[in-house]
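Participant: Sequence:
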Amino acid sequence: MIAAVAALVMSALLVGCDLVTCDQTADRSESVPVAGIESVRIIAEAGSLEVDGQTNLTDVDAEGIACATSSADLDEIQFEITTSGSAIVIEARTPGTNSEFDVRITVPDSLLVEVEDGSGSIEVRSVAGLRITDGSGDVDVSGVAGNLVIENDGSGDLLLRDVAGSVDIESDGSGGITVSGIGGDVLIGIDGSGSISVTDVGGDFTVRNDGSGGIDHSGIGGTIDIPED
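In this note's numbering, the protein residues as written are 1 to 229.
If you're looking for bench data, these hints aren't it; they were derived computationally from the structure. Hints are not guaranteed to be accurate.
[As the list claims (entries may be wrong)] Label pairs and their in silico Cβ distance ranges:
1) I226 with I43: 19 to 27 angstroms
2) T223 with S197: 16 to 24 angstroms
3) I43 with G213: 27 to 35 angstroms
Every residue gets a Cβ at the ideal spot worked out from N, C-alpha and C, and that includes glycine.
Make a model of the complete structure from these sequences and hints.
Facilitator: In structure tokens form, the structure reads like this:
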């Protein structure tokens, strides 16, 4: 049964290998205990990334499929987990444009998570707090117990839901922004282009600089400060 479930997970990940021709693939997996760990930092260069927070875990587990156009490029893909003080660092590095690595990571839901991602979709569920820097690709986040910070999002849609704390989108290049179910404030610093929809916010809603695209909002508990049309 376990083998069958693992096969299904790997098959789902392989579907995501669509940015390059997957002439060569390899399964990769790493694991590290979480005793004394407070946060996880994830560095991913190309490929989809899924982070799933779960209760009662004693390890951080990462698995995925490395994909490349040649065996030489496949061998150059780096995937490792290390610890630095109270943090776990997960690195999925791909050489050039001829390879990518789709990764699924399970973490205890009590940990803070930081993501630095080059390209590819990001999906994060059920973590204590989250900080993301993203080059391109859609970002889908739900179930954050603390605050959510998007330091920079180059392109792609943002879907942010069910955050107990505040949401701070410091800079967004292009793509729609949808935010709902936020306990604290929602702040959008710079938005280049794309529509903005914000609903059900316990605190303030602020947009400091908006390039193009409409702004819709409802159910804001605090003050609203957005640019005039």
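Participant: All the hints need checking, so say for each whether the structure fits it.
Facilitator: Hints versus structure:
For I226 paired with I43, a C-beta distance near 34 angstroms fails the hint of 19 to 27 angstroms. Here the CB-CB span from T223 to S197 is close to 18 angstroms, well matched to the stated 16 to 24 angstroms. Judged by the Cβ atoms, the range 27 to 35 angstroms given for I43 and G213 holds: they are separated by roughly 31 angstroms.
The earlier numbered hint that this structure contradicts is number 1, and it is the only one.
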